[in-house]
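Work out the full structure, taking the sequences as your base and the hints as a guide.
Protein chains: 2
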Amino acid sequence: MDSFEQLTPVRFLDRSAAIFAERTAVIDQGRRFTYRQLAERARALAGSLAANGIHSGDRVAALCANSHVMIELHQAVPRIGAVLVPLNTRLSESELAYILEHCGARLLVATAEYAELATQLGSRLAVEVLVADGTESGYEQRIAVAESLDGPLPDERSLMSINYTSGTTGRPKGVMYQHRGAYLQALAMAYHVGLAPDSRYLWTLPMFHCHGWCFPWAVMAAGGTQVCLRSFDPAETWHQLREGVTHFSAAPTVLTMIAESPSAHGARLDRAVRVSTGGAPPSPALLRRMSDLNLEVTHLYGLTETYGPVMVNVWQPEWEALPGDEVDRLRARQGAPNITASGPRVLDAEGGDVPSDGATIGELVIRGNGVMLGYYGDEDATDAADADGWFRTGDLAVMHPDGYVEIKDRLKDVIISGGENISSVEVERVLDSHPDVIESAVVGRPDARWGEVPVAFVALRSGARVTGADLAAHVRARLAGYKVPKDFEFGELPHTSTGKVPKNKLREALARPEPDPDKEC
Amino acid sequence: MDSFEQLTPVRFLDRSAAIFAERTAVIDQGRRFTYRQLAERARALAGSLAANGIHSGDRVAALCANSHVMIELHQAVPRIGAVLVPLNTRLSESELAYILEHCGARLLVATAEYAELATQLGSRLAVEVLVADGTESGYEQRIAVAESLDGPLPDERSLMSINYTSGTTGRPKGVMYQHRGAYLQALAMAYHVGLAPDSRYLWTLPMFHCHGWCFPWAVMAAGGTQVCLRSFDPAETWHQLREGVTHFSAAPTVLTMIAESPSAHGARLDRAVRVSTGGAPPSPALLRRMSDLNLEVTHLYGLTETYGPVMVNVWQPEWEALPGDEVDRLRARQGAPNITASGPRVLDAEGGDVPSDGATIGELVIRGNGVMLGYYGDEDATDAADADGWFRTGDLAVMHPDGYVEIKDRLKDVIISGGENISSVEVERVLDSHPDVIESAVVGRPDARWGEVPVAFVALRSGARVTGADLAAHVRARLAGYKVPKDFEFGELPHTSTGKVPKNKLREALARPEPDPDKEC
Chain F
6 MDSFEQLTPV RFLDRSAAIF AERTAVIDQG RRFTYRQLAE RARALAGSLA ANGIHSGDRV
66 AALCANSHVM IELHQAVPRI GAVLVPLNTR LSESELAYIL EHCGARLLVA TAEYAELATQ
126 LGSRLAVEVL VADGTESGYE QRIAVAESLD GPLPDERSLM SINYTSGTTG RPKGVMYQHR
186 GAYLQALAMA YHVGLAPDSR YLWTLPMFHC HGWCFPWAVM AAGGTQVCLR SFDPAETWHQ
246 LREGVTHFSA APTVLTMIAE SPSAHGARLD RAVRVSTGGA PPSPALLRRM SDLNLEVTHL
306 YGLTETYGPV MVNVWQPEWE ALPGDEVDRL RARQGAPNIT ASGPRVLDAE GGDVPSDGAT
366 IGELVIRGNG VMLGYYGDED ATDAADADGW FRTGDLAVMH PDGYVEIKDR LKDVIISGGE
426 NISSVEVERV LDSHPDVIES AVVGRPDARW GEVPVAFVAL RSGARVTGAD LAAHVRARLA
486 GYKVPKDFEF GELPHTSTGK VPKNKLREAL ARPEPDPDKE C
Chain C
6 MDSFEQLTPV RFLDRSAAIF AERTAVIDQG RRFTYRQLAE RARALAGSLA ANGIHSGDRV
66 AALCANSHVM IELHQAVPRI GAVLVPLNTR LSESELAYIL EHCGARLLVA TAEYAELATQ
126 LGSRLAVEVL VADGTESGYE QRIAVAESLD GPLPDERSLM SINYTSGTTG RPKGVMYQHR
186 GAYLQALAMA YHVGLAPDSR YLWTLPMFHC HGWCFPWAVM AAGGTQVCLR SFDPAETWHQ
246 LREGVTHFSA APTVLTMIAE SPSAHGARLD RAVRVSTGGA PPSPALLRRM SDLNLEVTHL
306 YGLTETYGPV MVNVWQPEWE ALPGDEVDRL RARQGAPNIT ASGPRVLDAE GGDVPSDGAT
366 IGELVIRGNG VMLGYYGDED ATDAADADGW FRTGDLAVMH PDGYVEIKDR LKDVIISGGE
426 NISSVEVERV LDSHPDVIES AVVGRPDARW GEVPVAFVAL RSGARVTGAD LAAHVRARLA
486 GYKVPKDFEF GELPHTSTGK VPKNKLREAL ARPEPDPDKE C
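Residue numbers (our numbering), protein chains in the order written: chain F, 6 to 526; chain C, 6 to 526.
Hints in this document: simulated from the structure, not taken from any laboratory. Do not take every clue at face value.
The list treats identical chains as one, so a pair stands whether inside a single copy or across any two.
In silico SDA-like links for lysine to any residue, alpha-carbon gap of 25 Å or less [as the list claims (entries may be wrong)]:
(1) K413 - A26
(2) K413 - A23
(3) K508 - R434
(4) K510 - R454
(5) K510 - Y103
(6) K491 - A386
Here it is as structure tokens:
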């Protein structure tokens, strides 16, 4: 008796194509595809990839906006055992080139928005490029002529994708996902946010970011409709919310933009929309504002290394009886393991569990099916992230008596701006490469719009005439725009006794009254 | 990095004990246990079993009413890698003895209702017996003194339990379950019926039947409350429904008892209760009656061999726009694979797929993680049920164009009359649509001229004056003449422990000398 089938998220589409064949699966600009069509296109794309020499284990990179193309790649590439490498579309050409070389991409697929950049990268690195910019594109022609391919399901424990993170030590690291983890994560998301055949999921979150928290597969599993926003726009988001969207996901800074948008005025929705937020803690004030708009926010927590949300702030019925501000406080915590996740731990310096007192800070560690296989081609980084089989999140947290985790601070100094992680070390390296700079330190400054923005403290060589604007241009030429520090503070940097710059002190300095304008760029 | 954890349904309680510690997990007669207490008791029970010589792979049988004991056994026995053997409490002593010997039980745990029977069985077979009949019982004493045991999780592909079928075609067969299959089934049930921390699940279905379709674990995973009914009682069920029950499961015959109960009169509930039904197809008439009471029925289909419901009649939003009787017809079908199940097939005599035309009949076959490992100690039966890796359900079905399966009859219940196949289910549906009929069962009676002729057993509403001739006319107006029952037997129908009408018993009754003509129409 065959009592085994591989657990892979690509399996969900087979079921949905069989039982939801005529339901709309994807809406992307003017195009709509039913589940039957989506399955046919994904099978044809798989056939085309195989016919063009993409084999099991080969890396296929995607430089794509949220689109039917990205959803199809999520199905077709893992289906044939190949490895999907979603690229952050906001990276610079040299950053993208590094990733493409590092993962050894065989093929780069790009949507219209990034066709030119992809073509440049392709010729620079001798990687084949396939552009999907409408019905006449190479991508569409391939699908039109390809033979449908199903074949055996890939091994559930094999490499399914590599998601590059900016990380905290400079160069991006390639987080390796397996099929089994993505399958369980997709199920957990479908369960926790209540996805169903009548769900209409709006793509505000980038799909290149931890596979959009595995929602491309979760919505497919439920038989819902995915509505793609090629780029985020608050007015268009409000239009879609009024048109029947039931679910979306976004970082708190994006939620702020939605709530603050002129389109939001007097716009409390008739139906509640379920919103998942993560990437940074939403403020209780934001949670309340969203609630007033009939946007029911669930707070999730995760990392690229955990397939996105490994924790969910699960609503407890007993909270109904509590005062509103107490509930806001409870809901702003990162929460509890999702239904398929293993229990997290918060460890003290000796590796023991901190008491569940909501006060003692330790490092959050996680293990189980929802943890990455490791960093691609980087055993040192993998080993450094491994504490006796538990993944070190690098986040400082407390464990509350009710079993909910709350993140207190980041162990390292990642700056989260507009939902994107900025490695302070990476920006510092670029600053330090300027001939007039002695040393630099970059920290986040709280910002109403972006959550945080990067601010640089820079020690210049004596006699140097460089300005903040000069340094900003220097960084902009080398890194994505969002990584460019918004302000520059010049002067000698403080140092600890071991020679490190105490970034907490710098953050404290920024939190004091406005810096002298003369010091700014 | 540890990117793997065993998929076992016993893992859910660890999570719920951590994050739902003070929520009520189980209510059983006068006793209530929180999730913290349930987890402590289950760990102590596991410790006690291990301390008393129960090792990995040993069989522990349970002769228990729906109770906290049964829920604790579902956790503790698989937790230590031992094998749970739930016993059908309505079997005779000799049937139970056969099963205990066949599985080689090391220990028999019984609740008070079955203490005497268990003790007899224990001395007859030299099997240790542990009785749980209140706070002073041996079972409770063991838990009180045992050391808590966690230990490593069992292998997900190892034997977790043996569920004996009722054995309508001979000796009971022992259906072998693995951890992985039960884990995925529990997740699927939690997803499809929307179990959540505020769910209150009423145990009308026997837990000994396919582990209550894996709901003991599904409710634990969701953090809901399980309310145990030690024996089914319609009045008590109505009391519980009014007290806040949100979900229950039952066979259609049990739903009929609930709907026809005096307690139901004028009892439309304020809140909708989600009801899962399976084991036999609910008639459209029953679905409508339940709907009038605000009992929202979802039709599920499965077998002991598939961990219970491997298919779900998933509601399609498009059905909202259809006329009521059309919707009833669509909802009465067995449906689509559940979210973790693999797609079923309907095979013709040559082993090919029948067309998806809703008309061509074939045998339903299933494979994947939701299929048993095989029959314990019975390779012949396992081989006979295996069609090239697919499990033969023994059910005759059609595949509809929308991908939904509809069972036409059990292979062995089809009536062959004058060379024509008659689906007993089809005739029963027509009979059940008559306003005076509560339920019906149609079987074949040997006939010298036709081979077999259909005969109907019918339960009428009290005070009904309808005759066999009336019912024959009712059927003749709707179906072909050869499908009209030749005789009608009026009276209450027998039911098996799982709420099914035992058609083999009805056939046996017909094979005896001519029934008393007074009883006939």
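Checking an output row: K508 and R434, CA cutoff 25 Å. Within, between, both or neither? Classified as within; 16 Å inside a copy, 75 Å across copies.
For K413 and A26, with the copy left unspecified, which applies at a CA distance of at most 25 Å: within, between, both, or neither? between (46 Å within a copy, 24 Å between copies)
Same-copy or cross-copy closeness of K510 to Y103 [CA-CA at most 25 Å]: within (21 Å within a copy, 74 Å between copies)
Homo-oligomer pair classification [R454, K510; C-alpha up to 25 Å]: Classified as within; 23 Å inside a copy, 74 Å across copies.
As a check of your reading, is K491 near A386 (CA-CA no more than 25 Å) within one copy, between copies, both or neither? neither (30 Å within a copy, 73 Å between copies)
At most 25 Å between alpha carbons: which applies to K413 and A23, within, between, both or neither? between (46 Å within a copy, 20 Å between copies)
Comparing the model with each earlier hint shows a violation of hint 6 alone; every other hint is respected.
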